[in-house]
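For what it's worth, the numbering used here labels the leading residue of the sequence shown as 642, then goes sequentially.
Quick caveat, the hints were computed from the structure, so don't treat them as lab data.
For every residue, glycine included, the Cβ atom is placed at its ideal position computed from N, Cα and C.
Possibly wrong hints are sitting among the right ones.
Just the calculated beta-carbon pair ranges, DEER-fashion [as the list claims (entries may be wrong)]:
no., residue 1, residue 2, range
1, 1029, 840, 39 to 47 Å
2, 665, 688, 21 to 29 Å
3, 845, 1008, 16 to 24 Å
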Amino acid sequence: MTENLGIRFLVVDDEESIRELCITVARGLGFTCMAAGNGHEALALLEEKPAHIILTDLIMPQMTGIEFLEKVRKILPRAEVAVMTGHGSVETAVQAMKLGAYDYIAKPFSAVEELRLFLRRMADKVQLVEENEFLRECTYAETELHGIVGVSPKIQDVLRMIARLKDTRTPVLITGESGTGKELVARAIHFRGNFANRPFVAVDCGSLVPTLIESELFGHEKGAFTGALRSKPGLFQSANDGTVFLDEVGELPQEMQAKLLRFLQEKEVRPVGSNNKIKVDVRVIAATNRDLEAAYRAGEFRKDLYFRLNVVTVHLPALRERRSDIPMLTHWFLERYANGSGAQVTSAAMKCLLQYDWPGNVRELENCIERAVALGDGKIIDVGDLPPAVLSAAPATEIPITSVQSSLSSNDLEDIERATILRVFEQVNGDKVVAGKMLGISRATLYRKLKRYNISPRPDLGASPGIH
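Using the sequences plus the hints, can you model the full thing?
Below is the structure:
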């Protein structure tokens, strides 16, 4: 039913039966539909609501299909226009295509399925063009809203979904672990489309005070409860005609889940302390890091609310599932926190970043880079500028001891040094010459560190000739 989200369709024909048939088929494809009986009426509709797809008859009173097409090309050059001809006038249809028509279809339609496939092809073209334009607007697939950066297939899928959802009022549920950027996606959906100049209100459902949730969401009248010194509109009213983003919606208590469901069904709010209902028209985007399907099966979340919110799902992958985006994200955050100074990341440090699993996802990577910039010299981010948690996940060969000394405390450094030496010796079967080369230190330095940390190769491990 919603396979072509956000596509607005206009049919122009003086025959009511044709208009009704086209509307029925188009609605079945998920289009938002408009109809006009002649060219003048159609142009008036297009001034108010531009269409993505227009299907017009060629032979009509007052204005021919060719004349209508010429006018549409001037006001909506990107619209896909196709013509219908029931008069065997292939020449006229060809003329229409020369003027920019997508294609033509003969009336009467041989079958409803023929019309459905025809409109489906037009919709596919519209979506392909929009997706490509959306991605071209992004530098390395980066939105202007900070943080949706990457070229991995999984993040590209997310960007395509944003392109499809930006102009629709369909409820959206964004899922993903904490730190993956769910609010960034919600903001991108809102600010990339027709809603950009309308309100965007973000609500952190997990941080709302339980006793005041209803008042915060739906508003209250003066004197409705202790401390209500004046009437106050709720967050839904503040977002009227725009978007409400319900972050961590899975944290709402059961009682509020029921009231949220009622609002989604009726599009009305009743402020606390009032008997009057107020009509509110908002698009709802929700987000959660919980498995809401498992939650409703366990009786922790309302099943009917789950299905009301989960019309379209956008899933954000964990950063460990798109490691190929880590270098791009790293450099993006470097530009942000190093004030465009051209700071660089050493290859050893980048290898450490790529090895780490990032349980805090993109947010943790951002914090890591901000920390490295603050503690480093502002020009080079090396292994020593990274947090111990990141270093602990890297292979020993990626952690040269000499590069660690810049920013860690002496205790941290000693622990990491000792662990690194032990791991290297295991990898090289106790060969001190090879171990010294891998660690990037001289033979004398290696001996001093072995003595300092009371490390000696196990008896069963070999050693290079002449080194004992």
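### Message
Does the beta carbon distance between residue 1029 and residue 840 stay inside 39 to 47 Å, or does it fall outside?
### Response
holds (43 Å)
### Query
Do the Cβ positions of residue 665 and residue 688 conform to the proposed distance bound of 21 to 29 Å?
holds (26 Å)
### Message
Just to be sure I understand the hint, the distance between the Cβ atoms of residue 845 and residue 1008 should be within 16 to 24 Å; is that true here?
### Response
Cβ of residue 845 to Cβ of residue 1008: about 19 Å, so the range 16 to 24 Å holds.
The structure agrees with every numbered hint stated previously.
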